[in-house]
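J.: Given chain A, put chain B in place with the hints provided.
Residue strings, one per chain:
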Amino acid sequence: MTLIKKSAAELGALIASGEASAVEVAQAHLERVRAVDGQVHAFLHVDDEAVLAQARRVDERRAGGEELGPLAGVPIAHKDVFTTTDMPTTAGSKILEGWRPPYDATVTARLRKAGLVILGKTNMDEFAMGSSTENSAYGVTRNPWDLSRVPGGSSGGSSAAVAAYQAPLSTGTDTGGSIRQPAAVTGIVGTKPTYGGSSRYGIIAFASSLDTPGPFARNVLDAALLHEAFSGHDVMDSTSIDRAVPPVVEAARRADVNGLRVGVVKEFAGEGYQAGVLNRFNETVELLESLGAKVVEVGCPSFAYALPAYYLIAPSEASSNLARFDAMRYGLRVADDGTRSAEEIMALTRAQGFGPEVKRRIMLGTYALSSGYYDAYYGKAQQVRTLIARDFDNAFEQVDVLVSPTTPTTAFPIGERADDPMAMYLADLCTIPSNLTGNAAISVPCGLADEDGLPVGLQIMAPVLGDDRVYRVGAAVEKALEDRWGGPLLAKAPELAEAAK
Amino acid sequence: MTTPTIVKYEEALTRYEPVLGIETHIELGTNSKMFCGCPTTFGAEPNTQVCPVCLGLPGSLPVTNHAAIEGIIKIGLAFNCEIVEWCRFARKNYFYPDMPKNYQISQYDEPLCVDGHLDIEVEGETYRVEIERVHMEEDTGKSLHVGGATGRIHGADFSLVDYNRAGIPLVEIVTKPITATGDKAPLVARAYATELRELVRSIGVSDVRMEEGSMRCDVNVSLMPRGASEWGTRTETKNVNSLRSVERAVRSEIERQAAVLDAGRRVIQETRHFHEDTGVTTSGRSKEEAQDYRYFPEPDLVPMAPSREWVEELRATLPELPAARRKRVQREWSLSDLELRDVVNAGALDLIEATIAAGADAASARKWWMNELSRRATEQGVELTALPITPDQVARIQAMVVAGELNDKLARKVFEGVLAGEGTPDEVVAARGLKVVSDDGALAAIIDQVIADNAAVADKVRGGKVAAAGALVGAVMKASRGQADAGRARELILEKLGAS
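Order-wise, the sequence lines are chains A and B. Residues 26 to 526 in our numbering are what the first sequence lists, from first letter to last. Residues 4 to 503 in our numbering are what the second sequence lists, from first letter to last.
Think of the hints as simulated: they come from the structure by calculation, not from any bench. Hints may contain errors.
Claimed, not checked - No more than 25 Å apart at the CA atoms, straight line, and that leaves these computed lysine-lysine pairs for BS3-like:
(1) B:Lys499 - B:Lys463
(2) B:Lys412 - B:Lys481
(3) A:Lys384 - B:Lys95
(4) A:Lys405 - B:Lys95
(5) A:Lys291 - A:Lys319
(6) B:Lys416 - B:Lys438
So here's chain A without its partners, still in its complex pose:
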């Protein structure tokens, strides 16, 4: 098997044992990027020389006797929302084109320290607002399963890069489903850790109370290894939880569900759900039962209000978070011809620098926070948040984990929902509740839909700081399904034509 098809854990072991060098591994992935990224367009920035230099440093550190972690030398792609001192960081927006942050995000810094090699920065919906990566100012990313379809979003560059074997690991951020939904529609694993379990420092904010960094990988164990490598308390993030990282790697290795109580969320089915998605989901629930889990149906009536509450809270916070992009200190500045006031330049720059979806959400949020409307919109949405938390609390009194389809449908064709925000927003229907309450959730592949042969994701949700549970159940499902399929789901993806080298 070529290096690019290996898991992150395998690559880490090969590098540790000296069977492969970090440079060789980096080289193989850079070649793959060159070969397929013209079609996929997962990356916004790759600098071959810088990548090889990082890999060389890891090899030197190892040669120097330094004790390195299990992922040392393994390449990783970062969503372009994580600040990196040695690469531009744009958040997929024209307003930050070419901006070089003077500091690393905590996630970036911790992974550098652990010896991971940053391959590059991946495409995303502008400021993480979207479910298809079509809202990027730098072009669309394509789904490796079907290049005419979206790779999900907002972390679509990161999901596509992993699904297309351009990187074994990548990072994303999940504000309403932006890791789990792209993972589901590209047939890979993606986790939204507990809010506060992983630092937000250095991640360009969309909605501060919801944004959560998390891992993408091609299998559950790899995701757990990455999760563990960058998580844990950070004094730079006041909302970071000062507790030990749940034992996610151990849980992923354990991979059993015997005696575990699994709740099926009753509300996540019916109208709007693709038949093929529900078929795979229902089969997976049966599989869990056959593996020894105790399955019950659980009602979460307030989940129906999660989507509207989210579309008040997230835009409200975004309208404030994005106010800093004003042409004064960094980023784009237009029309500064010496005759205009600061206020005019701010307005003109923002008009030109932000895309339509970002403007839509700034408008929504500004309105929702306005005096006289606050109670009816933002205030009410916060009350809904409390109700949803109550539903989760009730559910987790009866069961250890909740399961649902990750998304109502498989990957949709590029352009299909671009002009219909409501249809686009529905892609996050099942993932949003966990963002509103901060609990842990994962998406693992559970098969291909009958209608279109595209990947379907199973979402597993656990209480706050119950991250280990989602890995334990995810790994059990993965093992059983791969036994059934005779290998990973991704092996069923069509081979991408490699461009001439």
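T.: Leaving out everything else, chain B in the frame of chain A:
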């Protein structure tokens, strides 16, 4: 027909009753900023005390400075406030280039300290100023408008922004409406600001320097016709940079608003700017077209929940507060109300107390600081505290007076020498040879000469007019350049002239 732009103050007060409200911003003297580790030194090179957090760079996050929360809780306690058990920061959203994030982290409907009061004295009468709230926020950067006549943004060629100040911890103290002050309104405003400054300074959380902007007052004034029950429309005057300006700004607004109301027009709710040079306010931004700040709880910070134990610990660290201290000092030093006020106004309280602590008696300590040294400070145009002499040195000089080594006149020469940088009191005494001469031999020679030079006066004394001896003592003092022991000289003169 033109209406007068102001009504004379005394006349205005015959028809209208002022209502005041004062919002005071205090920069805390913490070593680092409110939400990052940047230093807070005043006067550093522009934009050298900044980092990703206080510049609001994408992805940066605030972390609360514990020392600042300690500072505001102490202020809240000093103002007799309730310290709430749980509250949050809020974002105040508006666009301005000196705000790095285009929102200010502040507090909105959940302030940390509520319902306090501060008693102040004006012309012997005590007023209780009720405190609505004391809350925590971050300061903005500072804009410098270059070109144009006024230094304001209007008419400027370009503007520069210094973000060193951005993120410095700022405490805002807001009064409830201050009513029933009548014609004392300007004095009450000034006394409140003065007492607030003393109080904050006494607990050591800020240097409260109005001239450097570490204390800034916004003064709200409205007028209502005498006997009315409904308050008038208020204006908010900013840019009030001294205690004197607080008084003048209130007075000026009363005069201006009275003229507006007399003319049958209405007062516009707006921000106004006070001008030190002319003593009047001019219109700023109209509040009626004011922005909507879209406050909401700051999601990047966790709520503040100061434990009761911590609050009590902080209460226990509070020093004696100014009002209690003044009462004690007045009693211990036996001062009249007027004398106490003079000491306080001269800023001499600390100095006198330290001088007493160094061994001087209260009356002498007060005498030196309030007379000799105050005069010299006035001559030099500096604050008493800025004189190059320490309370220890004053006490030492007084000790030499008590020991009879110096008289008052010589002591003043020692002060002169110390202030001129000639060294410690003992060094000045040695270098200038300032010793009281009480040695009979040395005095006798001077006295003989004086008697010879003033034969007529000496005769009068011999003839029994003992009172005339005073002139001879004066001549001895003059001849000895003040160093003679006047008492001994008198005894010797009377002895020699056979009048004793």
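J.: Hints the structure violates: just list their numbers, smallest first.
T.: Violated hints: none at all, because every hint is consistent with the structure.
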